[in-house]
Amino acid sequence: MATIDTALKEIMSSIEGSIGIAVVDYNSGMALGTLGGGPDLDLNVAAAGNTDVVRAKLRAMELLNLNEAIEDILITLSGQYHLIRPLTARSGKGLFLYLALDRNRANLAMARHQLKKIEADLEV
1 MATIDTALKE
11 IMSSIEGSIG
21 IAVVDYNSGM
31 ALGTLGGGPD
41 LDLNVAAAGN
51 TDVVRAKLRA
61 MELLNLNEAI
71 EDILITLSGQ
81 YHLIRPLTAR
91 SGKGLFLYLA
101 LDRNRANLAM
111 ARHQLKKIEA
121 DLEV
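Positions 1 to 124 (full-length UniProt numbering) are the ones given, in order, by the sequence shown.
Some hints could be false.
Unchecked claim - Derived Cβ-Cβ restraints for the label pairs, each shown as a range:
| # | residue 1 | residue 2 | range |
| --- | --- | --- | --- |
| 1 | 3 | 74 | 20 to 28 Å |
| 2 | 13 | 39 | 18 to 26 Å |
| 3 | 45 | 93 | 20 to 28 Å |
The set of hints was computed from the structure by calculation and includes no laboratory data.
A quick note: this is a predicted structure, and the numbers were derived from the prediction, not measured.
Just so it is clear, CB atoms sit at the ideal spot from N, CA and C, and this is done for glycine as well.
Required output: the full structure, derived from the provided sequences and hints.
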């Protein structure tokens, strides 16, 4: 089982094109841990903003009576991919991983695969 810090480091080092990663509490919008980012990507602001995305999707699913779980949410920008992955383990309830990728360097399918694998080992 990986801690938050270990998981963040593994994501940044093993997923090609990673710009920044955060573990976020979608009840408060607070980032519990971040790594990467920079002047063009404030991960704390992104964490709070993407909390609204997760909440909106959960509300929409409830209104539609969808009895499904969100695997991930993908936001495609002209130069970046943003992946949001709710944690599925009991200890991760109410949390999600937010990963920003450089679209020119990232392999989206591999990034999703790696993120799923790391998320499964994460202990919060």
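Checked hints:
no.: 1; hint: 3 with 74: 20 to 28 Å; verdict: holds, 26 Å
no.: 2; hint: 13 with 39: 18 to 26 Å; verdict: holds, 22 Å
no.: 3; hint: 45 with 93: 20 to 28 Å; verdict: holds, 24 Å
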